[in-house]
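Student: Model the placement of chain B on the given structure of chain A, informed by the hints.
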Amino acid sequence: MKNLKATEPQSHRELSGRVKSFPFLALCLCGSVAFLLLHLFAFADAQEASPLRWGGDAEGGAPYLLPNPKNPREIIGFEIDLMNAIGKQLNRKSVFVQNQWDGLIPGLQRGNYDLAVNGIEITDDRKQQVNFSIPYYVCGEQLSVRVGENAINSLADLKGKIAGTLKASLAQRILEREGGMEIRSYENQNNAYDDLAIGRLDAVLMDWPIAVYYAKPNPKLKFTGPSIERMEYGIAVRKEDAELLKQVNDALLALVKSGELRRIYEKWGIWNAETDQLFAKFSSASQPGQVYEEFTQNITKKLTWRERLERYKSYLPPLLLIGAPMTLLISILGMAVAIVIGLMVALIYLYAPQPLSWLARAYVELFRGTPLLIQLYLIFYGLPNIGIRLSPLVAAVVGLGLNYAAYEAENYRAGIEAIPRGQMEAALSLGMTRAQSLRYVIVPQAMRLVIPPVTNDFIALFKDSSIVSVITMVELTKVYGQLASTYYDYIGVGVMTAAIYFLMGLPFVRLARWAEKRLATDQRVAVTAKKRWLGVGAKPAEG
Amino acid sequence: MSALISVDNLRKNYGAVTALCGISFDVEVSELTAIIGPSGCGKSTLLRCLNGLELFDGGSVRIGEITLDRNNGLSPRDFNARLRQLREEAGMVFQSFNLFPHLTALENATLAPMVVKKIDRKAAEPKARELLKKVGLGDRMDYYPSQLSGGQQQRAAIARALAMEPKVMLYDEPTSALDPSLVGEVLSIMRKLDDEGMTQIVVTHEMRFAREVADKILVLSDGELIESDSPDVIFTSPRDERTRNFLRSFL
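In the order they appear, the protein sequences are chains A and B.
Note that the numbering used here gives residue 461 to position 468 of the first sequence, counting from 1, and the numbers run on in steps of one.
Note that the numbering used here gives residue 390 to position 216 of the second sequence, counting from 1, and the numbers run on in steps of one.
Derived from the structure by calculation, the hints contain no laboratory data.
All figures in this text were calculated on a predicted structure; none of them were measured in a lab.
We treat Cβ as the ideally placed atom computed from N, Cα and C, and that holds for glycine.
Just so you know, not all the hints are guaranteed correct.
Unchecked claim - Covered stretches of chain B (chain A as the covering partner; in silico rule of three or more C-beta atoms under 8 Å from a C-beta of chain A):
id, segment
1, 261 to 270
2, 283 to 290
3, 357 to 365
Isolated chain A, as found in the complex:
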């Protein structure tokens, strides 16, 4: 079974900080809403009456699910063809929903989609959580070695050697069971085969279709031995959806009978004896499928500079139109939440009576001291257990917001404590309440002080936002992963993605510098009482 590549970026974090005032927030919110609308608009036409929604991870790569090399905004794969065919049988439109591979079953159970289809092996463990359709494909594990390596022909020959495979896969379990060798686990098939080609590994064991797509086309590698063990891929359905399960099984049977399923597998070049047996048909693998040819050509052929540029150009639409707006939206909304909650927490911490201030402190320690990744999992997959079901976008914003609020609270606290005592005394001596003194005198001054650390945090959050791909959000880093694994081009896509993050962050850095200057009471050049920047001025009584 293949595994996914889901490298989580470490949540790195610098100081902390907090930002600004209401007009700035308003600006951010307007921007976010605009993005949101844009987004909704872009996806609006995908909705239709009762579509057949199914989850998979397009980062897994060929031949299962992958962005179309010719048009990366389109997801293709034999499973897309399979589900389109099933959709046609059921008279429902097949709609693919991107979801981190590890989270496919949890996502199914929380109702993000109705079926999970992505090389999911039917196992007893999984059967306790979900029901499976009849198998739609069968294959084994394939051992690959370097061309010229003749000593390794079976698992037994691996004694004392180094073998690579995908993390948490059936292949890994097989290798562990065999024992006697050093096992290296990879997030991504490309990296494993690469290491095999350059001699870091002596052999690689992976699902046969993956080997067909990633090892076979490589002139430095070859298959060795027969396929090992046998696994069946099934379509996962929630336990309670018995009716849907029956419909899916009927559709599969019809597709087997009509030969449609075989045509799909042949087109993708993955028709094999095991599946043949399963389908009780007689012919064996015929010619390499047409899609197979195209794909392997694509990743093996040497590109001219011109072609390379063309290819880089083709990365732009998915990166800029799908990834970047989502990253911006999540970051800006997340930061807005962090700033508002952070300020409240800081004020409670500093000024509220005992039990409350203790809670504020506990909040800070808890959210700061536990991994963002786990917080997101709990919010997205855990909360539904108590009846709170957040959409992925809301969960992402809430998760990032709550986490960063802990850091922002500390920034505010530092800022507020840095304001001389005399300021509070002067405000109180004029008859203001403590709350009024904070609102009009202390907090506005503290805000200016903390602009630099808050900007820091925003940039950190901006990059941390890539972590939300674990709760099915397709943002910039996720798009990067999909493209990189499709084209096998980590450097080109990586540099472009990093540049996009950098360029998107710049305007915010400039804005913060500008605000800082504007608010710096000690540099202000004479003037105009009318400009109460950012509304901090004093606008109390009226209204």
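Tutor: Using the frame of chain A, we list chain B on its own:
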């Protein structure tokens, strides 16, 4: 007629240290009262007790109708409300000005009336402008504190306090942080207010000012009110040995 302000048996401790031990005095309307005494004698503490910036341990303070009493059985909420009433009656000027640095001189003087008295900006601004003109800052209203000299900042702080129309002005060493050449401009504002009949209480080391302008001088030593009399008496024939020693240090 009863006095505008009366302080009765005021006591204050910092832990085991006694800061004020049973101070009592009255201040009549329009009087300027100077509080003098060696450093650490409790003058600032006394002044800060008058508007509740320091809470005292015993006795009471009354300004006009408002009485603050340590053991009056008020709920914390009512007590805070009482504190604010008292503060509205007493304008406070600090040694280090404590102007709000993020607001212009004009905004400093309109903030409290707008926030506390809910006066609308249209009404608060003309009044604040008038007060700033009065303290000689007619051409500096839109400047931020950092753009003003120390003397100008202190005058702006006086205007800010006056904007709340207090019954009494309290000054805590208002000229101690100023360059000697700027002291005069602040004292002259206080003289002007005295001429207009404002009631003022000043903690100061400016003996010449106290002698010329004060109606009454309170001399504190070690938290004790050792002498209270007219400037003539205090400066020419003090009764207490400690007063004589203190004044001698200024000669």
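Student: Now look at each hint and say whether the structure bears it out.
Tutor: Results of checking the hints against the structure:
Counting residues of the segment 261 to 270 of chain B whose C-beta sits closer than 8 Å to any C-beta of chain A gives 7, which meets the bar of three, so the coverage hint holds. Look at the segment 283 to 290 of chain B against chain A: 6 of its residues bring a Cβ nearer than 8 Å to a Cβ of that chain, three or more, so the hint holds. Under the rule that three or more residues need a Cβ within less than 8 Å of chain A, the assignment of the segment 357 to 365 of chain B is violated, with 0 such residues.
The structure is inconsistent with hint 3 alone, although it conforms to all the rest.
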